[in-house]
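If you're matching them up, the sequences are chains P and H in order. Every letter in the first sequence is one number past the one before it in my numbering, and letter 73, counting from 1, is 73. Every letter in the second sequence is one number past the one before it in my numbering, and letter 236, counting from 1, is 236.
Worth double-checking, as some hints may not be accurate.
Cross-link-like lysine-lysine pairs, in silico, PhoX-like; alpha carbons within 20 angstroms at most [unchecked claim]:
| no. | chain 1 | residue 1 | chain 2 | residue 2 |
| --- | --- | --- | --- | --- |
| 1 | H | 77 | H | 112 |
| 2 | P | 78 | P | 64 |
| 3 | P | 132 | H | 152 |
| 4 | H | 77 | P | 132 |
| 5 | H | 34 | P | 135 |
| 6 | P | 135 | P | 154 |
| 7 | H | 120 | H | 89 |
| 8 | P | 135 | H | 178 |
| 9 | P | 149 | P | 64 |
| 10 | P | 132 | H | 32 |
| 11 | P | 149 | P | 98 |
| 12 | P | 112 | P | 95 |
| 13 | H | 34 | H | 89 |
| 14 | P | 149 | P | 132 |
| 15 | P | 135 | H | 120 |
| 16 | P | 132 | H | 178 |
| 17 | P | 78 | P | 112 |
| 18 | P | 64 | P | 95 |
| 19 | H | 77 | H | 89 |
| 20 | H | 89 | H | 32 |
Bear in mind the hints are in silico, worked out from the structure with no lab data behind them. No experiment lies behind these values; they were computed from the predicted model shown.
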Amino acid sequence: MYIEEGSVVVIVDVDQPSLSKYIGTSWVVKNVMNVYSPAAALIHHTYYGDIVLPLRCLEVTPPKDSPLAHDEMVRIIKPYAKEIYHNCRPELVGKTGKVRGYDTRNNYFFVKATNGDSGWFPIHCLVPLNFKGEKFYYPEQDVIVNGNKVKISKIRSTRFGNGQLLFINGSWVPSTDVSQQPHG
Amino acid sequence: MVFKKIASWFKKAENSPHPFELPIDEEEIFKKSKIILQQLDEYITASEMESENYSIQLDTILAEEEVISIKLKELNKPGSWHERNLLLKLDRLVLHGNNLRQRVELFSQNIKVYLNLMSKVEDIRVMRLNGLETDRIQNIWLEFQHSLETYKEKIATEAVTETKEPMTLGVTEERLLKLRQQVFGLPETEKENLEEVGELEKQLRTPVPSNRPVLEKFVINKKLDAFEANEDECDPDEHLQAEWGNSVKDAVKQLEGE
C-alpha cells in the first residue's frame, strides 16, 4: 500500500506485543523509511508519541471530506479500465466488502471483499451500503442546478448518512437541490 | 448574510417538489419524511462545514489581533499616525471577529433546530413502523410544522433587524481609545477625574497636520475686526471679552513675528 508523509493511518497489526494496545487507533505518518527491511514508517499520535512500525501493519484512511470512510461497507458495482497505479479485478464486481485503504495519488479505495479477495477501485465503481438517501451522485457526473447543466467536482457524505453534499462551482450544494440530467 | 442564506434554503425547500407540508396520505407521510430527513441532514452538514470554516478564520483573526497588540506595545509612540493605523487595523479586525463569532453562534443555533426537527421526523417514522394511529402521527407532524414556522419567523425577524454599526468619527475615536486602553491596560481610576481623562484623550488623539498659518491668521483677523467694531458698545462689566481681545491681538502679533 502506498503511504506518504502526512497520511492518516490506522494500526491493524503490530510487530511487538507491547504495541498491541495501539491496534485500531489513528496515527499521522511523520516519515516513511523505504530503505528499511521491511519498509517502515515513523508515526505520531498526540497522546502516545512516536513509534516505528512496518508498512504492512498500517492502513491509510480516506481524508475527512471523502465520500467513504475507513471500514465502511460498500458494494462494487462496475469494473474500470486499467489505471497507472492499479489493475481492475473484474471478478470482484457485484461483491460487497469494506474500505480498508486509500491511495492519495489517485483517490482510489482499497476494498476487502467478504470472501477474502481484495482490490483497488475508484469511487464511481462503488456504492456505500449504508447510504439512506434517494440518489447517490458521483464526481464528474453532470447534474442540473437552477436549470443549468453543471459538473460535480467532489462529493461528501452527510453526518447521518441520509444524503450528500456536492461540490459544484466552488461551493457545497445539498444533493436535494440538484436534479439528475435526463438520459439521452 | 447568514439569515439570507438560511432563508434561501427554506425558499428552496418550499419551491422544491418536496415542500414541508402535511401530506394527506399515510404512505405519503412516510415517503416524504425520508426526503425531509435527507434535506435536514444535508443542511446540518453544510452548516457544520460553514461553521468550521468561520471558526478557523476567527482563530486567524484573533492571532492577528494579538500580533498587532504586541506591535503597538513595542512601537510606544502615543498619538502617532503609525499607532493610529495599527489601532484602526485592530478595530477592523475586532469588528470582523465579532461578525464571525455571531455567524458561528447562528450556525450552532441552526444545527440545534435542525437536529430537533430531525428527531421529530424520526419519531414519526418509528411510530409508523410500530403501527401507531394516524391521528397521533399527524399531531407530531403538526408540531414539526409549528416548530419550523416559529423558526422561520425568527430567522425572518432577525434578518430584518440586522443592522450595520454606525461608523461616525466620534464613535470610531472612542472605540480606538478603548482599544488602546485594552492593549496598554490603563488603570480604571484614571477615568474618574474628568479633566485628567480629557487631557489623556488629547494626548492620545492623533494630531491633524496644521501647516496653514495663513488661514489661521485670516480667521483671527476676522474675529479681531468683529471685536473692535463692537468695542464701544461693550459693557464695562464684560472684561472677559476684553481679555479675549487682548489674547487674540497677542496671537496675531506672534504670527506676524513668525
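We went through each hint and held it up to the structure:
Taking the CA atoms of residue 77(H) and residue 112(H), the gap is about 48 angstroms. The hint is violated against a cut of 20 angstroms. Distance hint between residue 78(P) and residue 64(P) is unfulfilled; the C-alpha atoms sit about 25 angstroms from each other, more than 20 angstroms. Among the hinted pairs, residue 132(P) with residue 152(H) is inconsistent with the structure: their alpha-carbon atoms are about 27 angstroms apart, more than 20 angstroms. Under the criterion of a C-alpha separation no larger than 20 angstroms, the hint pairing residue 77(H) with residue 132(P) is inconsistent with the structure, at around 63 angstroms.
Pair hint residue 34(H) plus residue 135(P) holds up; C-alpha atoms about 12 angstroms apart against a cutoff of 20 angstroms. For the hint linking residue 135(P) to residue 154(P), the alpha-carbon distance of about 15 angstroms falls within 20 angstroms, and the restraint holds. The suggested pairing of residue 120(H) with residue 89(H) is violated, with an alpha-carbon distance near 47 angstroms, which exceeds 20 angstroms. About 55 angstroms separates the Cα atoms of residue 135(P) and residue 178(H), which puts this hinted pair outside 20 angstroms; it is violated.
Pair hint residue 149(P) plus residue 64(P) does not hold up; C-alpha atoms about 28 angstroms apart against a cutoff of 20 angstroms. Of the pairs offered as hints, the one joining residue 132(P) and residue 32(H) holds, with about 13 angstroms between alpha carbons and a cut-off of 20 angstroms not exceeded. For the given pair, residue 149(P) sits about 34 angstroms from residue 98(P) by alpha-carbon distance, which is inconsistent with the 20 angstroms threshold. Taking the CA atoms of residue 112(P) and residue 95(P), the gap is near 10 angstroms; set against the 20 angstroms cutoff, the hint holds.
Of the supplied pair hints, the one linking residue 34(H) and residue 89(H) is violated, its CA atoms being roughly 49 angstroms apart against a limit of 20 angstroms. Pair hint residue 149(P) plus residue 132(P) does not hold up; C-alpha atoms about 25 angstroms apart against a cutoff of 20 angstroms. Between residue 135(P) and residue 120(H) the CA atoms are separated by roughly 23 angstroms; this puts the pair beyond 20 angstroms, and the hint is violated. Proximity of residue 132(P) to residue 178(H) is assessed by CA-CA distance (about 54 angstroms); at most 20 angstroms being required, the pair is judged violated.
Of the supplied pair hints, the one linking residue 78(P) and residue 112(P) holds, its CA atoms being roughly 16 angstroms apart against a limit of 20 angstroms. As the CA atoms of residue 64(P) and residue 95(P) are separated by approximately 25 angstroms, the hinted pair breaks the 20 angstroms bound. Distance restraint check for residue 77(H) and residue 89(H): the Cα-Cα separation of roughly 16 angstroms lies within the 20 angstroms cut-off, and the hinted pair is therefore satisfied. Of the pairs offered as hints, the one joining residue 89(H) and residue 32(H) is violated, with about 51 angstroms between alpha carbons and a cut-off of 20 angstroms exceeded.
Of the numbered hints stated above, those contradicted by the structure are hints 1, 2, 3, 4, 7, 8, 9, 11, 13, 14, 15, 16, 18, 20, listed in ascending order.
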